[in-house]
Amino acid sequence: MPRPASPAVLAALRARIARLEGDARAAGVLPFGIPALDRHLPGGGLARGALHEVAGGGGDTAGAAAALFAAGIAARISGPVLWCVTRADLFAPGLAQAGLAAARVIHVEAGDNRAVLACMEEGLHHGGPGAVVGEVARLPMVASRRLHLAAREGGTLCIALRRWHRQAEAHDFGRPTAAMTRWRVTALPSAPLPVPGVGRARWRVELVRARAGECLDLELEACDGTGHLALPAAVADGAAAAAGGQRRAAG
Amino acid sequence: MLAGREGGRRVVTAADGAARALGLRAGMTVARAQALVPELAIRPAAPAADRAGLERLALRLSQRIAPVAAVDETGDGAGGEADGIVIDVTGAAHLHGGEEALLAGLVGWLAGSGITARAALADTRGAAHALARFRADPAIIVPPGEIVAHLAPLPPAALRLPPGTIADLQALGLGRIGDLVGQPRAPLARRFGPALCLRLDQALGLAAEPVAPVRSAEPVAARRLLAEPVAAPGTIARHVDGLAAALCEGLEARGLGARRLELLCHRTDGQVQTVRAGLARPSREAAHLARLLRARIERIDPGFGIDSMVLTASLAEPLEARQAVHALVEAQAPDLAGLVDTLANRVGPDRVYRLAAVASDVPERSVRRIAPLAGDNDAVEREGRTPGGAGADPHRPARPDAGDPLAPVPGRAPLPGAAARRGGAAVPAPATWPGHWPRPARLLPRPEPIETMALLPDHPPVWFIWRGRRHTVARADGPERIFGEWWKRDAELAAVRDYFRIEDGTGARFWVFRAGDGEDAATGPQCWFLHGFFG
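Which chain is which? The protein sequence lines are A and B, in order.
Here the first sequence stands for residues 1315 to 1565, numbered as in this note's numbering.
Here the second sequence stands for residues 6 to 540, numbered as in this note's numbering.
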């Protein structure tokens, strides 16, 4: 009869597997502050020393919602932020309204996709920036693994903002990468107001893939002035928790 | 107008064109000048700064025109006042296409740099000095052998004489150089001292007068002669490390840090391969310099081998030791200089930047690029802290209209001085942009025209077509009226933009505007444009 493994042995084995897998939880996690979201993520938040992918959804050609989602995450991390792009169309006042002060962001305008990936890796290896964001159209497996390893080594949160200019490039988002999580952020009609006007923006935030976590689909209110997301008021009192529970049961 | 002190009196030392038009002249007392023009703008003269500026200019000219250039002085000996530049162009004129072309090019280049110059070219330094100050308008060339004819009508003041001698000559009725040339020398020397004869001889070419050229400080360099030609990248990298270490020793001895590096690799076939690297901050950290250069070794074509390498700090700046922040007091901000250097050398120095607010309501003008490390470390890395020191940072370009008193729309940026005065954590950096109006996350490089249907004068569009896709507007906010900056250009005197934040049925949010106020054709063509995207 096999002897039941002692808890100590199990813990050691788990630690070893985690080391082999490159567990990014060593650098800690960044919780969103939304229980419905955080409990689906391993460690209760976005792993810091890891690569994450964010893409815009639907007809959002500019990827503005995805950019703000990334800016909100970067805003809640201390330290400078390296933001690598191929096309400079970010509007600093808009990012500042998501909590990411312009003084914290160092923009790098690289020539092409490969150069963006190289610059991101450079920033991750340096370890000085608190977060590194890169707008890439293609993210090959090898490149993503390099980024992930560099992020883990420096304990820097890395966000690959998937952005494509042709619809044909969008298929690349389905390919596997080494990212810890993969998000899709789609703009939804804003919060209704009692008067005509545009209320607080709402997003459909889909956790398409999470390593060691579960998928999730939530409707959230967009970043406030400090980069925090929020549950819509109508569902904040229990309904969302129920919805999350159902999905967990289903998935 | 510039005023300086001469003995016990305050005198005008220089007057600009406007002041001269009012009848003011250099040499008159300040009291008299103020009596003539009560609202005179007077600035103190700074002869030392003038001389330093002329020395810098002479250095530039020595690299541009001819190698022997120096600061020229009026008056005599040590008490002279630097007011010009003398260049020995002997044997250099043909390189510029002849003497006329040389002078015209020189004056034109200086005018392009904002310097009004008068130039004269003559056989002797003394004659050129006199003619540049008394005849040139803006340039004059004396053919060889015609100095006497050209100098004769000029006053003796052109000869760089002490003021006392000039006054004596005037008293004796010797009002022109021509009167002096014919005079017997012995009585002149007895009466006025040797200076007059010397200056006269120098102007006429009878006495030698060499030009002591300005010399630039020798750049710090490290040199390595290789016993055997090398070609392998690994070997080159090893030599680069050694050179960087030697260079840093040289820099440390002079208290400098490198801002630009040049690595010259002399190949066995006589060709030279060059690798350059720039730094955001002066540095003399050998490992960092070597890393920057190593990244570019692959660009070196070693050919049959490199037999000597020279590493030069072609641009160096003073670098003092700084006390590190104690870890107990405050977590030390990460030093990004190394990262910025690496990235800047990879993608280009102007493509690594931070963005800063500009006090402008026009969206595309409200952001400007600044150097990634501009301001102190704290302003870069500390969230929510005022970059108070940044307002006074001399490396930043001045805000174009920060002092403008007119604020047509609320929410204008506070003046940099005001931000610095308030200091502390009271004013975070983003406060310089209007916080109460939502701003898009992405802005189109230039507004794109859209087809719309909208009620005039101040309703948002009902639908719009952008890039062939039709969007029905479900909700809208606005208008936010932004006025043209008439203080910048006249064409914007009446220009108006009405911005709307609109949302279509799927939830995509856009920033659109109408050029014009919807009523008055003078405010714009009343066309609609798409300008940005909200998340």
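Keep in mind the hints are simulated off the structure, nothing from the lab.
Each residue gets a CB set at the ideal place from its N, CA and C atoms; glycine is no exception.
It cannot be assumed that every hint is accurate.
[Claimed, not checked] Listed next, with one range per pair, are the computed distances between beta-carbon atoms: (1) S319(B) to P1454(A): 32 to 42 Å; (2) P43(B) to A1402(A): 49 to 59 Å; (3) G1372(A) to P530(B): 29 to 39 Å.
[Stated by the list, open to error] Calculated Cβ distances over 12 Å to all of chain B for the following chain A residues: (4) R1333; (5) D1352; (6) H1354; (7) A1412; (8) E1436; (9) P1443; (10) A1484; (11) R1514; (12) D1531.
[Claimed, not checked] Looking from chain A toward chain B, a few residues come up when the C-beta cut is under 8 Å (computed): (13) G1359; (14) V1419; (15) H1421; (16) A1432.
Verification of the supplied hints:
1. S319(B) to P1454(A): 32 to 42 Å: 39 Å, holds
2. P43(B) to A1402(A): 49 to 59 Å: For P43(B) and A1402(A) the Cβ distance comes to about 53 Å; the hint holds.
3. G1372(A) to P530(B): 29 to 39 Å: 33 Å, holds
4. R1333: 26 Å, holds
5. D1352: Correct as stated: the minimum Cβ-Cβ distance to chain B is 21 Å, above 12 Å.
6. H1354: Given that every Cβ of chain B is farther than 12 Å from that of H1354(A), nearest at about 22 Å, it holds.
7. A1412: For A1412(A), whose nearest Cβ neighbour in chain B is about 7 Å away, the distance does not exceed 12 Å, so it is violated.
8. E1436: 6 Å, violated
9. P1443: 7 Å, violated
10. A1484: Non-interface label on A1484(A) holds, nearest chain B Cβ at 16 Å vs cutoff 12 Å.
11. R1514: 10 Å, violated
12. D1531: It holds; D1531(A) is separated from chain B by about 15 Å at its closest Cβ, greater than 12 Å.
13. G1359: Violated, because the Cβ-Cβ distance from G1359(A) to chain B comes to roughly 19 Å (cut-off 8 Å).
14. V1419: 6 Å, holds
15. H1421: Cβ of H1421(A) sits 6 Å from chain B, so the hint holds.
16. A1432: 7 Å, holds
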